Amino acid sequence: GNSVTQMEGPVTLSEEAFLTINCTYTATGYPSLFWYVQYPGEGLQLLLKATKADDKGSNKGFEATYRKETTSFHLEKGSVQVSDSAVYFCALTVTGGGNKLTFGTGTQLKVEL
Amino acid sequence: DTAVSQTPKYLVTQMGNDKSIKCEQNLGHDTMYWYKQDSKKFLKIMFSYNNKELIINETVPNRFSPKSPDKAHLNLHINSLELGDSAVYFCASSQGAGGKYEQYFGPGTRLTVT
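Chains as they are written, first to last, in my numbering: chain A, 182 to 294; chain G, 43 to 156.
Simulated from the structure, these hints should not be mistaken for laboratory data. Please note: incorrect hints may appear among the correct ones.
[To be verified] Computed Cβ-Cβ distance ranges for the label pairs, DEER-style:
1) A/Ala198 x G/Leu96: 39 to 47 Å
2) A/Leu294 x G/Thr101: 39 to 47 Å
3) A/Lys233 x G/Gly70: 24 to 32 Å
4) A/Glu196 x G/Gln137: 32 to 40 Å
5) A/Thr276 x G/Glu95: 14 to 22 Å
These numbers come from a predicted model, not from an experiment. Just so it is clear, CB atoms sit at the ideal spot from N, CA and C, and this is done for glycine as well.
This is chain G alone, in the form it adopts within the complex:
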């Protein structure tokens, strides 16, 4: 059984388009995250939700909008895609937001903007 799943695994699109990435976890966790991994493999947090409420929003362009319809899902919508958005996006989840909780990562979505 997949703990944290993401769809799609690969996404190729043109500049200016709007796209969404979906994430689901079946671990019963209450906190979910989006991370971005650039071409040099550097990982940086984008957003975090705890019990469907946004708790972390790191200097991310307004074109990125996360949505958490329930505790098990966290989606990422991206408007007006740019070349610099090309990256691997990872979803993660944890049991809480208190600082000591292990995060479980999804397999990643490789976004390529042409």
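So that you can see chain A by itself, here it is in the shape it has in the complex:
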């Protein structure tokens, strides 16, 4: 079956620190990969996506590269801000799966001044 494994949180960083949230996956078929972000009390928003190997998704200073050889899609940001505090979800869909998102467990990020 399909599954996504994310690093355990919470992750606490100082403002302007470098962020990495690890994500690895297993999939039957060729997955598309996504990072979603959930701010407190809100729904999920797509942060970035990649649909084929070696694609890099980027948005708002966040980046992630689809690595087929290591089945990974790690999220990075060079300099985090307090406003980045949220829960981050790695997820995948596979062709023929009805566009069903399979989520990781989420990683809570807290950025302090």
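Mind docking chain G on chain A? Use the hints.
Chain G only, in chain A's frame:
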């Protein structure tokens, strides 16, 4: 303009009751979903409809019954509510069901069963 909206935002009810959650999207999408987020924030799909037809039904108790009257609406009715049904329920929509489509999520409905 709200893209995906859900009503109500909060729902508090007693065990054994029947309740409904409504979802509407104004994005012109043809595929809609219900996800359940538990207290540990784990998200799992429940149902998906494409052009008003059920295409995903993940091991969900029969007490949960989705209904899609048209492509823009997907409602969730829950019978005989149990304590374990307490969760946040998210509706989402996408342009298609082909595996690469971004899903747009509603703000969620927090259901509390007492």
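For A/Leu294 and G/Thr101, compare the CB-CB distance with the range 39 to 47 Å and indicate the outcome.
-> 45 Å, holds
Mind checking the hinted window 14 to 22 Å against the Cβ distance between A/Thr276 and G/Glu95?
-> Between A/Thr276 and G/Glu95, where Cβ atoms are some 19 Å apart, the hint holds.
Does the hinted range 24 to 32 Å hold for A/Lys233 and G/Gly70 at CB?
-> Cβ of A/Lys233 to Cβ of G/Gly70: about 26 Å, so the range 24 to 32 Å holds.
Return holds or violated for the Cβ distance of A/Glu196 and G/Gln137 against the range 32 to 40 Å.
-> 37 Å, holds
Taking 39 to 47 Å as the hint, is the beta-carbon distance of A/Ala198 and G/Leu96 inside that range?
-> 46 Å, holds
Consistency note: the structure conflicts with none of the earlier hints.
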